[in-house]
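Enquirer: For reference, the chains in residue letters:
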Amino acid sequence: MSLRIDFGIEGGFAALPGLAKPLRIDCADLSKEEAARIEALVRRADIFHLRLPAHVASIPDARTYTIGVDDGSQHRRLRVEEPIADDAMRELVAELRGHAARLRRAGTS
Amino acid sequence: MRRDPFPRHRHRCGCCPIVPPELLRRIAQNGTKPQREAALATLATDHSLRFARATAQLLGGPARRITLAAAEFVPYRTIFDAGHREALPGKAVRVEGQRAPRDVEVNEAYDGLGATFAFYADVYDRNSIDDAGMPLDASVHYGVRYDNAFWNGRQMVFGDGDGEIFNRFTASLDVIGHELTHGVTADEANLVYLGQAGALNESISDAFGSLVKQYKLGQTAAEADWLIGEGLFTRRVKGVALRSMKAPGTAFDDPVLGKDDQPATMKGYVHTTADNGGVHTNSGIPNHAFYLTAIALGGHAWEVAGRIWYETLRDRRLKANATFRQFAVLTVTTAAQGFGAAEGKAVAAAWQGVGIDASMGSRRLARRGDRGAP
Chain A
1 MSLRIDFGIE
11 GGFAALPGLA
21 KPLRIDCADL
31 SKEEAARIEA
41 LVRRADIFHL
51 RLPAHVASIP
61 DARTYTIGVD
71 DGSQHRRLRV
81 EEPIADDAMR
91 ELVAELRGHA
101 ARLRRAGTS
Chain B
110 MRRDPFPRHR
120 HRCGCCPIVP
130 PELLRRIAQN
140 GTKPQREAAL
150 ATLATDHSLR
160 FARATAQLLG
170 GPARRITLAA
180 AEFVPYRTIF
190 DAGHREALPG
200 KAVRVEGQRA
210 PRDVEVNEAY
220 DGLGATFAFY
230 ADVYDRNSID
240 DAGMPLDASV
250 HYGVRYDNAF
260 WNGRQMVFGD
270 GDGEIFNRFT
280 ASLDVIGHEL
290 THGVTADEAN
300 LVYLGQAGAL
310 NESISDAFGS
320 LVKQYKLGQT
330 AAEADWLIGE
340 GLFTRRVKGV
350 ALRSMKAPGT
360 AFDDPVLGKD
370 DQPATMKGYV
380 HTTADNGGVH
390 TNSGIPNHAF
400 YLTAIALGGH
410 AWEVAGRIWY
420 ETLRDRRLKA
430 NATFRQFAVL
440 TVTTAAQGFG
450 AAEGKAVAAA
460 WQGVGIDASM
470 GSRRLARRGD
480 RGAP
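Protein chains in written order, with the working numbering: chain A, 1 to 109; chain B, 110 to 483.
Hints are computed from structural coordinates only; laboratory data are not their basis. Please note that the accuracy of each hint is not assured.
[Unchecked claim] Here are the simulated DMTMM-like pairs of lysine to aspartate or glutamate, each with C-alpha atoms no more than 20 Å apart in a straight line:
| id | chain 1 | residue 1 | chain 2 | residue 2 |
| --- | --- | --- | --- | --- |
| 1 | A | Lys21 | B | Asp334 |
| 2 | A | Lys21 | A | Asp70 |
| 3 | A | Lys21 | B | Glu195 |
| 4 | A | Lys21 | B | Asp212 |
| 5 | A | Lys21 | B | Asp271 |
| 6 | A | Lys32 | A | Glu91 |
| 7 | A | Lys21 | B | Asp466 |
Note that the structure is a prediction, hence the values are computed from the model and not measured.
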């Protein structure tokens, strides 16, 4: 089964309800190259076993990303706050941000 | 001319022996070669308050803050290019006094920091974010198509926008004023970024962000647009700005972004765990109270309404976990004691207008007769 990811963006400079609502990114709907890239980033970020750092204090206007990943046998839901220290996670979030923006655009065009 | 009701006083943190950037600049100009190099490296690489304090100790600097007259305050700005990476600060591309390079974002950030510094110095006699000459740093071109701006506790960070929803974040002066005011708030009341205190933190940034723009444009309260982030949206978005202090909940209504859900009064207060308890949503309530105060008092909003909010932020009775009502009570007390009964009543009426009764607590505080500011 291909990966399915629910991705939402909270906060940032403004509350934008449309971006906060999680959006489904299904790798089955992506091109082979795009799906392979996301799957590789999810593996690199070690999503299913990752231990997130303890929450200390939020940075004004920084964003929190809600990420739910399901590969058919495992599910993990994370809240990832900026700034993101882990390189792999930062890269994954940037990739998901791009896909989410394209999907939102396509959904309203 | 009205007597200044709030004579100059230093901020309430009494912990700060620091070397002002001016001293570092003098060393950079007049010291020995190693001293010059060390001072330049300090100015260019790490302007954080903590580092400045450590530097002061190393150099055997003065054991007290150096008090300068407002006319002597000078900004020290450094703009970094993050090179589309998410590592800070990036490469220094324009420092104070250098000519403008051919980079719109760099120059907008430089000018916006300058306008915000000038606003706080001229209007509130405040010497930068920490009232002790803290250099102002900003990184532009952060991340790839990154559509946000934030204050990380040491510097400002600007994305270029994604070009679809957001333009570059340096385009809006009130956004720059907003971010730097987060630094001022952290230095004064240090309001926690959660729930009502977090929404107050946001609202204070919006209020002073808007005032920075109004001051730059010379607008009265009645002339100002009271919008936050006007010009940030691309033409594809159905909206005029990110927030409206005049009419919270009306700034945008767009198929992708959804509808602006800021409440204007306590009746619409949103209980949520998202966004640190809705800090960017419920800030609409104190935002609107500030707007109502400014309109009621008239004239240039930075002179009386802004001064009341500024002195309240500096009041040692304002706790880090303050509620809307506790903040409101302090603003009413500050207005009545600093300006007069009419101003106190106007502020109380503004809070009443958003569903917060601040009159009872303020009378009790006034009877005690103490002033919070040191």
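Enquirer: Identify every previously stated hint that the structure contradicts and give their numbers, smallest first.
Expert: When the structure is compared with the hints, numbers 1, 3, 4 and 7 turn out to be violated.
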